[in-house]
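*Asks:* Single-letter residue listing:
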Amino acid sequence: KNEVEQSPQNLTAQEGEFITINCSYSVGISALHWLQQHPGGGIVSLFMLSSGKKKHGRLIATINIQEKHSSLHITASHPRDSAVYICAVSQSGGGADGLTFGKGTHLIIQP
Amino acid sequence: GAVVSQHPSRVICKSGTSVKIECRSLDFQATTMFWYRQFPKQSLMLMATSNEGSKATYEQGVEKDKFLINHASLTLSTLTVTSAHPEDSSFYICSAAVFADTQYFGPGTRLTVL
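Line by line, the protein sequences are chains A and B. Here the first sequence is numbered in our numbering, starting from 162 and rising by one per residue. Here the second sequence is numbered in our numbering, starting from 285 and rising by one per residue.
No lab work stands behind these hints: they were computed from the structure. Beta carbons are placed, not taken as given, at the ideal position from N, Cα and C, and that holds for glycine. Hints are not guaranteed to be accurate.
[As the list claims (entries may be wrong)] Some chain B residues flagged as far from chain A (calculated, every beta-carbon gap over 12 Å):
#1 Cys297
#2 Gly300
#3 Val303
#4 Lys339
#5 Thr364
#6 Ser367
#7 Ile377
[To be verified] Rough simulated footprint, nothing fancy, chain A against chain B, three-plus residues with beta-carbon under 8 Å:
#8 318 to 329
#9 391 to 398
[What the hints assert, rightly or not] Here are the simulated lysine to aspartate or glutamate pairs, EDC-like style, with alpha carbons at most 20 Å apart:
#10 A:Lys264 with A:Glu164
#11 B:Lys325 with A:Glu164
#12 A:Lys264 with B:Glu343
#13 A:Lys216 with A:Glu178
#14 B:Lys350 with B:Asp372
#15 B:Lys348 with B:Asp372
#16 B:Lys325 with A:Glu166
#17 B:Lys298 with B:Glu371
#18 A:Lys214 with A:Glu176
Please put together the full structure from these sequences, using the hints given.
*Replies:* See below:
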């Protein structure tokens with residue numbers, strides 16, 4: 162069993178739909194990261210969180226430490242949101258430790 | 285925002301040659317740099333953690349003599365794949381961090397070994 166599990170693996174939705182991507186982890190963590198990887202491979206860090214909820218534009222990330230679960234939501238989805246979304250965890254200080262990654266969720270938003 | 289560059293973005297080499305990949309933090313000094321690789325349709329995997337002026341810490345299963353990491357300054361880390369073989373073909377990504385802050389990722393280097 163992987164330490165970080167994401168679901169769904171693939172998601173296709175229509176423009177405007179509300180998107181939810183889930184992440185569960187089985188280890189103790191100091192922080193959880195949501196990353197976005199575009200087709201060329203480049204990675205952008207979306208959120209780093211250790212409790213509660215964060216919002217940036219149309220993106221919302223939540224985490225429940227007791228349940229070891231996090232969700233990434235996209236409101237009013239747009240074709241430019243199409244990418245692979247990756248959940249990753251750090252087990253000590255977000256920047257001082259390498260990350261353990263989920264396999265990613267491949268999101269396609271159709272016009 | 286914090287920018288991390290990698291060079292080259294793409295490299296094709298013959299089996300047995302060595303390839304050097306550079307990772308630079310352009311507008312900040314990174315206390316720690318990380319090297320990851322990603323095989324097709326697989327998740328990213330941490331290879332090694334590098335702190336300026338000290339030896340890199342390699343993850344289990346990563347050969348330190350094959351993947352040489354040099355972290356000479358707070359803005360530059362290099363990964364050299366020595367005697368590359370086709371199974372080393374992968375997407376290599378670095379990231380840079382300042383203490384416990386978030387990691388900033390480079391654009392990646394796609395290595396193809398013929």
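*Asks:* Hints first: check each against the structure and report whether it holds.
*Replies:* Outcome of the hint check:
no., hint, result
1, Cys297, "18 Å, holds"
2, Gly300, "26 Å, holds"
3, Val303, "17 Å, holds"
4, Lys339, "15 Å, holds"
5, Thr364, "19 Å, holds"
6, Ser367, "25 Å, holds"
7, Ile377, "6 Å, violated"
8, 318 to 329, "holds (count 7)"
9, 391 to 398, "holds (count 3)"
10, A:Lys264 with A:Glu164, "11 Å, holds"
11, B:Lys325 with A:Glu164, "18 Å, holds"
12, A:Lys264 with B:Glu343, "19 Å, holds"
13, A:Lys216 with A:Glu178, "18 Å, holds"
14, B:Lys350 with B:Asp372, "10 Å, holds"
15, B:Lys348 with B:Asp372, "14 Å, holds"
16, B:Lys325 with A:Glu166, "15 Å, holds"
17, B:Lys298 with B:Glu371, "12 Å, holds"
18, A:Lys214 with A:Glu176, "24 Å, violated"
Violated hints for the displayed structure, listed by number in ascending order: 7, 18.
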